[in-house]
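Student: Sequence:
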Amino acid sequence: MNHFSWPSLRSEQAIRVRRRIFRQLLESFLYERILTEPDIKGESEAEYALHGNSQTGEPVEYRFRASRTASFGRIRLSEEPIVRIAAGHTAEVESLPGFLLEIAPSLPATEARLSAFIDEVQQTLLKDTMTAECWTNGDDHEAGYDDWEGSLMEGHPYHPCYKSRIGFTLRENKAYGPEFKPDLRLIWVAVYRSVASLAMSESLSYEAFMQQELGENGLCRFNAMLQEKGCKPEDFVLLPVHPWQWERIIAVECAEQLRTEELIYLGEGEDSYRPQQSIRTLANRTAGNKAYVKLPLNIVNTSSGRILARHTIMNAAPISDWLGRIAATDPFLRDKHRVVLLKEVLGVSYLHNKLPNLLEQKIYGSLGAIWRESLHPYLTNEEQAYPFNIVTHTDTEGVPFIHPWVQEHGVEQWLSTLLQASVVPLIHLLIVHGASLESHAQNMILIAKNGLAERIALKDFHDGVRYMPTLANSLGYPKIEYPPANHQRPNRNSFIEKERPEELRDFLLDALLVINLSELAFFLSRHYGFAEQRFWEAVAETIIGYQQQFPEFKERFEQFDLFAPEIEVEQLARRRVDDSGDCVHTVSNPLFQYRPMIAGRSREHA
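One rule links them: number in this note's numbering = place in the sequence shown (from 1) + 61.
These are calculated hints, taken from the structure and not from any lab test.
Heads up, some of the hints might be wrong.
Stated by the list, open to error - Here are the computed distance ranges between Cβ atoms for each label pair:
#, residue 1, residue 2, range
1, F611, T457, 26 to 32 Å
2, P545, R595, 45 to 51 Å
3, F653, T347, 49 to 55 Å
4, E331, K615, 54 to 60 Å
5, T151, F653, 37 to 43 Å
6, Q610, S72, 49 to 55 Å
The C-beta atom is built at its ideal place from N, Cα and C for all residues, glycine as well.
With the sequences and hints as input, model every part of the structure.
Tutor: See the structure below:
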């Protein structure tokens, strides 16, 4: 039983984790108006009270200090612990379940939903405490990108269930969690072609790709196993399965398919893999230039399940090819910004829609894979690559990873190069090509040289891109598959094709600015005294500077209106407690105040 030390729940690490969960829980509940009282007003920090009732019916008051920030009106609690006042006794709040039960009358959650949510926050407490125990001192600035994917342990900076991983036991969490840097071997199965769906990049040969990924010896071994069973290898498609998924889901739910040999178990592959931050994407440790593999896991983490629906697997290669054509034919992206698009070149899915609905739902999205290009062949010898969220990372002593860079270059220059490298190409993709990318920190890779941002790499396109087919585009749009009729109640935010320009704008700004760069704004303010207002002014200056380079797209800039007074964003926490609606809300846009700068700059360049 060495996977968890129960006394750790009383350790300093556990207390820090618990306080963080409380902060993110209250921040998100108040921001998304899940809790309508108290109303947090003003950028100056003030004390607020939240009222509830104990299990015996006695009044309870929770006190905390908070402010409403300049960053899309997001709410921030102070580092001071939340205190509970009851029967004249004041003490730091310690029980997450107790807190949620005492404020339950103010929440829109059903009893079943609240019970599930309590489990999610409790699992987050346990699993992040496990993480804190293995966090070592110091950061290695020379570590490679794939190593950093396991070294960034913070999880989602906004969501209160940032490490719930519902489905993983504590032992499994240690065996498969990226922060524990496990080396895994994938389980391989052969899928009869009549029950397999493939989607490949235009330039790909399935046979050549499989030989590249498995190696000649590995491919020959699997083919020989099929031939020994009297099967023709060409009648089957090879598919990797995460070892957890095999043991917990596929071996059980697909027992009939294994009996009839629609699926044939081939055993472990030869290469070693390691999970990235997203848990279900794995990097090849044996040969770094080989593709990343994204595999379904029937777990829930943060806001959603981590399966891979068949239609998203089938859409991966067509969307990647489309984006690849855009980047290859646009000199601004190709030559000036040298943007890297890690294309998803192959998708394979078990064709479960031939099953009766009851059986299909049991394995929906559970058996499939997406192969994504490796980052490493794209890098020069002088470049270093990092997950984008490294810009808000601190070591165990609280020292920012970026500190040597900021010391050398200064906050203004360092930030300016970062915004030019990251914001500009994403805005360009939206304005010129109508491609809106879900650019949260896990989907972006910072490529730096001597501590300054050089360019970015982008990834995760199979369900992280939105476009509007009615918008003129010389390269057209990809032909995609839609969710099946029996797909679980769809989230309208998950539809790839949109009808209104503001939907594309909001999709981009929600991930890139509301969460991703807002966290950087908070970080620079806290560690370097760099004012949030100045941060958003720098973002506005970057966007306006870009607009001046493309006066021919004036109508597009007006159509997408990045400086609108408000935008619509997802309610990530509400989705866990009450998903009866669309789970979106309208928030103030900090760029709006800089709209007059557009007219002023236009007159200067007239």
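Student: Determine for every hint whether it applies to the structure shown.
Tutor: Status of the hints after comparison with the structure:
At about 45 Å, the beta-carbon gap between F611 and T457 misses the expected band of 26 to 32 Å. The beta-carbon spacing between P545 and R595, approximately 49 Å, falls within the hinted interval of 45 to 51 Å. Between F653 and T347 the CB atoms are about 50 Å apart, so this pair conforms to the stated range of 49 to 55 Å. For the pair E331 and K615, the beta carbons lie near 56 Å from each other, so the given range of 54 to 60 Å is met.
The given range of 37 to 43 Å is respected by T151 and F653, whose C-beta atoms sit roughly 41 Å from each other. For the hinted restraint 49 to 55 Å between Q610 and S72, the CB-CB distance of approximately 53 Å keeps it satisfied.
In this structure, only the earlier hint numbered 1 is contradicted, and the remaining ones agree with it.
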